[in-house]
Amino acid sequence: MLTALALVAGAAFLWRKGARQRPALMAILAAVMVTNVIIWSLPTTDGKTLATAATSSESPR
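No gaps in the numbering here: position 43 of the sequence shown is 43 in the UniProt record's numbering, and each next residue is one more.
Just so you know, the hints here were simulated from the structure itself, not pulled from any lab data. As the structure is a prediction and not an experimental result, all values here were calculated from the model. Do not take every clue at face value.
DEER-style ranges, computed between Cβ atoms [to be verified]:
(1) Thr55 <-> Met33: 16 to 22 Å
(2) Thr45 <-> Trp15: 21 to 27 Å
(3) Leu14 <-> Thr45: 40 to 46 Å
(4) Thr35 <-> Trp15: 45 to 51 Å
(5) Ala31 <-> Ala54: 32 to 38 Å
(6) Ala9 <-> Trp40: 19 to 25 Å
Note that beta-carbon positions come from the ideal geometry of N, C-alpha and C, so glycine has one too.
Work the whole structure out from these sequences, hints included.
Spelled out as structure tokens, the structure:
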């Protein structure tokens, strides 16, 4: 999340300096990162999050 905030701040800084393509890509990357965190944090229909479901399931050996 801190990286997403840094990307948004950097994109705003570069946007003010006149660059257009790099800040747009930085903003898109920040949005993708935040979306991934939201997806992993939202509860499923049974009330568990994907993060807790991934850690509680047994991994095959």
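If you check the beta carbons of Thr45 and Trp15, does the distance land in 21 to 27 Å?
Distance hint for Thr45, Trp15 is violated at roughly 40 Å.
Cβ distance range 19 to 25 Å for Ala9 and Trp40, holds or violated
23 Å, holds
Looking only at beta-carbon atoms, does the pair Thr35, Trp15 fall within the given range of 45 to 51 Å?
Given range 45 to 51 Å: violated, Cβ gap about 21 Å.
Regarding Thr55 and Met33, is the given constraint of 16 to 22 Å on their beta-carbon distance met?
21 Å Cβ-Cβ, so the 16 to 22 Å window holds.
Beta-carbon spacing of Leu14 to Thr45 - inside the hinted bounds 40 to 46 Å or not
At 42 Å between Cβs, range holds.
Is 32 to 38 Å right for how far apart the beta carbons of Ala31 and Ala54 are?
23 Å, violated
In summary, the numbered hints that this structure violates are 2, 4, 5.
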